[in-house]
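Trainee: Chains as they are written, first to last, in the working numbering: chain A, 1 to 360; chain B, 1001 to 1360; chain C, 2001 to 2360; chain D, 3001 to 3360.
Please note that a few of the clues may not be correct.
To be verified - EDC-like mimics (lysine to aspartate or glutamate), calculated; alpha carbons at most 16 Å apart, straight line:
| # | chain 1 | residue 1 | chain 2 | residue 2 |
| --- | --- | --- | --- | --- |
| 1 | D | K3226 | A | D57 |
| 2 | A | K226 | D | D3333 |
| 3 | C | K2226 | B | E1059 |
Keep in mind that the hints were calculated from the coordinates and are not lab data.
Predicted model, so just to flag it, every value in this text is computed and none were measured.
This is what each chain is made of:
4 protein chains.
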Amino acid sequence: MKKVVVSTGGGDAPGLNAVIYAVVHACYRRGWEVYGSRSGYGGFLDIDEMIRLTPRDVEGIYAIGGTILGSSSKGSPFAKPIQNLAGEVQLVDMSEKIMKNYRRMGFDCHIVIGGDGSLQIAQRFSQMGMHVIGVPKTIDNDLPVTERTFGFDTAVSTATNALDKLHSTAKSHDRVMVVEVMGRDSGWIALYSGISGGADVILIPEIPFDLDSVCSKIADNELREKHYSIVVVAEGAAAKGGEVINKGRELGREDVVLGGVGEWVASEIRERTEKDTRSLVLGHLQRGGSPTTFDRLLALRFGAAAVRLVEEDMHGQMVALVSSRMVSVPLEDVVTGRKKVDLNSDKIITARDIGICFGD
Amino acid sequence: MKKVVVSTGGGDAPGLNAVIYAVVHACYRRGWEVYGSRSGYGGFLDIDEMIRLTPRDVEGIYAIGGTILGSSSKGSPFAKPIQNLAGEVQLVDMSEKIMKNYRRMGFDCHIVIGGDGSLQIAQRFSQMGMHVIGVPKTIDNDLPVTERTFGFDTAVSTATNALDKLHSTAKSHDRVMVVEVMGRDSGWIALYSGISGGADVILIPEIPFDLDSVCSKIADNELREKHYSIVVVAEGAAAKGGEVINKGRELGREDVVLGGVGEWVASEIRERTEKDTRSLVLGHLQRGGSPTTFDRLLALRFGAAAVRLVEEDMHGQMVALVSSRMVSVPLEDVVTGRKKVDLNSDKIITARDIGICFGD
Amino acid sequence: MKKVVVSTGGGDAPGLNAVIYAVVHACYRRGWEVYGSRSGYGGFLDIDEMIRLTPRDVEGIYAIGGTILGSSSKGSPFAKPIQNLAGEVQLVDMSEKIMKNYRRMGFDCHIVIGGDGSLQIAQRFSQMGMHVIGVPKTIDNDLPVTERTFGFDTAVSTATNALDKLHSTAKSHDRVMVVEVMGRDSGWIALYSGISGGADVILIPEIPFDLDSVCSKIADNELREKHYSIVVVAEGAAAKGGEVINKGRELGREDVVLGGVGEWVASEIRERTEKDTRSLVLGHLQRGGSPTTFDRLLALRFGAAAVRLVEEDMHGQMVALVSSRMVSVPLEDVVTGRKKVDLNSDKIITARDIGICFGD
Amino acid sequence: MKKVVVSTGGGDAPGLNAVIYAVVHACYRRGWEVYGSRSGYGGFLDIDEMIRLTPRDVEGIYAIGGTILGSSSKGSPFAKPIQNLAGEVQLVDMSEKIMKNYRRMGFDCHIVIGGDGSLQIAQRFSQMGMHVIGVPKTIDNDLPVTERTFGFDTAVSTATNALDKLHSTAKSHDRVMVVEVMGRDSGWIALYSGISGGADVILIPEIPFDLDSVCSKIADNELREKHYSIVVVAEGAAAKGGEVINKGRELGREDVVLGGVGEWVASEIRERTEKDTRSLVLGHLQRGGSPTTFDRLLALRFGAAAVRLVEEDMHGQMVALVSSRMVSVPLEDVVTGRKKVDLNSDKIITARDIGICFGD
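Kindly produce the complete structure, drawing on both the sequences and the hints.
Mentor: Spelled out as structure tokens, the structure:
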């Protein structure tokens, strides 16, 4: 009999609940006990936040977005911002307390579902003696060690669905529609949704863009009697020479979350082409909703694989998808770099072949 | 045998194509000829823009957003902006030319699908002798003469679907999500989607809001251990005393299309409650996509009813839905006021009963 | 302070949970207590089946199909099939026990959400002294006293969505697709989904059909170079002369739930036209899933209106939608007849105008 | 400049149009001409069935199910059933005529999108001198040479979506729902949708099932207070000892397309467990509808890769996905066996871990 605890950390991604579902069922099937720690490490700091999980508690959650455990997005337990009596905020290291409670509660393993930040923290606990298994999470699909992460297919589907909707309105009004999607460091969501959603232009961080090139694609469409264009922009895309960032700074617009690169690209296109140009930021829509079938299956596989590692007394490991198989890699090998879009991949070539312009 | 022409004008709404579909089929069934005029009155000015429509041309379009005829959103034919040789833009009255071509082409009737602007123009042509039947269109559902307009149910569904997606992410991160929906003059979309999508707060033009009231609802949620809130804001909602507009002006933000009332409400909530607050503008997503079943049926009924009016040689009339029946009203009675949300309706009462705050 | 109990009975319909949601919130807002009785009257017979409901218990359920309370589909409490010690099943009248417990628990009112069977039972309890408010439920939209019932729009949407999917495959293979939808006594679902989903033929109980007429529509399509056809059949549709039922009996197929009228129509079309013809029964898909925006709003309005009636100490009443308003009608007036499709309605006329054949 | 013709054969799969879209755009971008042959080889037999394809002709089709070219499902061109004057049907070899017209029209290559039957025919034409590139198509994902085929993800999504809908109704009524999905030879769709859709039991051709085992899973659910169960059955699943087929034969039910294994399993469960048990056949719903994002991307990649092979003057090859990359394999290596579900794969293990029973 083992006693396992599971937690979720970082920004949410559709599929988190499916991982929890698989963990609970796979433990239950082995006759183990499972607990969930609320808000990341919350359950290790406050016993009320540590909840028993049975199959009944997780009924149907594989189909639901978000995480039933809540997420720890604020601060690391190694430097938690805590207000003292004088009202000042201090960073306090809670790690010893967490370790003490981890031991006192008699857990055999802690399954941590999180992004690279959360996994690094988990690695530190691993070094302190906690038995940790990591499950990678990033909606952007940009973790280097795993081929795919859950949530990505759902985010791409939401973005593609939005592009489908915008086609009809863009076409009816001879408009240019600029859609900003997630992807601060990599262009995966922009690339996949742009190809699948019939974009004319896709701008990604991996390819600094030239607005002249973008506008000439739009002009080219006009010549071919296609009077509307769809432009997909990853939030981290930047013009050659970094115009965007400067422009943003100039306007003192750091606080304006919505006034990002998409809006700027739209205003430039409007000015240069005199086409009626509108922009839209998909934002949090991409993180929400019921996970796609693809993501459910992937997340369930990750969760079940994590429990199998616990069974084999493997610790300090992360589950990963390599060559379409579930494998484990040491947590210490989780590099923090980003998996970039390979510019020679056949997806980029396909995109160019079907007439998509990358602004280069 | 009659010869009918159909056109679409103004902003698009899901269901336009379904009206066209019904018009074409209902004419075809009577052995009549149907033509479509592209870009509003474009086909009356340029014969290449006047296309023959048969059932085959409209196959399957009842399920597709936008309008296959394109829309005239630029200028009235009574004052069309045209560039002369010197490069100056002059407003030219094209109405005589249109009337001449209408007669020359031998049409018996022109079915105009459009908003109040387009219908007023149609009324002027009616006075000049054109046989006109109007089909009302407004995605905002705010035309006074008809109980419902097509496109509205689809827009509400899109907004509700977005709210569903945002719930999971808001809940996982204890956030306040502010969603701005369409509705410059009336709060129909905000009200319907807010109720159906589980909003905590709905802000509509009909009820000037007080941010203290909004924030106290959010605080109330906290007390009830509900650590997230969803706020739906119609783009035309305004704070008591009109703070929004002033604030917008102050910041010199007229150019920022996306920085509307939703963003402002979010920033105020963030400041006052210290909750992590995000905003999102649904924008054109609400105009796109396949019409819902409800809108398809309504649009098909409007289209078929228009043809029946042509058959009965009724002219200068508009089709309307009154007491769930298709009726006709004189085009001259199409008032330009807006149908506001009735604050005593049971929908408002229902909203309050299920705990929704209107900021009053 | 009042103490209210709510229950659901009969076949499920999307929106049941939304009614419960509104009831709980509207009571909570008035400072009342609400309970839910599981499996219809289960909570009145077994205290463990009577559960306290708070806003927290119903969080998010307005968007979920089914009913959290479970449904009583087996037998009336006035004649409940109960197995005695000898293993024989006897019908026992539990009504006195239910009344006794209703009084002992101190309820002020019982809100019954159910079809005409459940409402008639409620009416009998009302006569025995129970304070009862009825909320009508029928996915078929065929209750005479209310213009609309929740669940219907969702069922129609599911059916229309299926028709959308079948179009592409029917067209690619020059096939006839026959789709059987719900509607034992009335053709509402078939009519609405058939019009919205581009059916060529719609067969409903209100219009006995002639297969020659159906096949001649299919032949007509061929002539117009449309080599595929979509036929929607309500489960209660019958050929002129009642061939279907006889045919079914002949084959001794009463046990074969799926081998209904749709399959028979398909086999006849296959034989007569030599077209590749397939059939499909949508069945329970139509009862499931998240309610549409339309149904959520309607169900929430019904629930809140029921609580307002409780507040006004109205009893023995049913909530109904009349002229788009929530009204109340005496439970004793709930007639058991079915609201049939009006053959002169503009929906039927629209259907014919867009070329749909009813087989007459 | 090259001149390419594309055709589609066999049962349809969502994504066929996306392949055509990519072929047309990729050829157009190279300055080539593209034609589409209707109904498989129809365009080679009747010049009216050979249509020119430009980007304009394929606008938006990547998002649409079916195939704009129609499919050849009837007979091989090497043995085409043709009626002679006496009304007798004879099998005629049309291959010489096709080759003659292929040469006369001056095509450089024929891109054949089809299943193993169509690809074998293509291989025979290849041996006769036609330049052929194959694109594999099977909605069942059971072609051995390629990791994935387009259409599969969409079919799985449709099935999963149906399971989602059935959960609420099954749960509300304490029912067993049996859902029959596609998969005559392999259980891919059943496995993927069953895992993602929360099935309790999955029956696939690869694992002969024992109804006692199925019923004991359902009884087990009851013990755990889960009073409903979802059973997914691939159409080719068979009981140990082949009961199904015999039972089917016994009843003389070969003609009843819908009365398959699902219905039989349901009736057995009903009898053995006395639970209210219903069955549903998803059938053609799984072939229809807009392809998912995943399938669109995959199909576009296949299409573009096919054109790159044409560019490199590779012939007699088929595009395949191997190790997530587009590669080419000789058409003659296209084996006709089926890719079966690997019973040791982590998907099966995951399924068992989350409590799914395979009836073994």
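Trainee: Determine for every hint whether it applies to the structure shown.
Mentor: Here is how each hint holds up against the structure:
1. K3226(D) <-> D57(A): Answer holds: K3226(D) to D57(A) is near 12 Å, not above 16 Å.
2. K226(A) <-> D3333(D): violated, 42 Å
3. K2226(C) <-> E1059(B): holds, 10 Å
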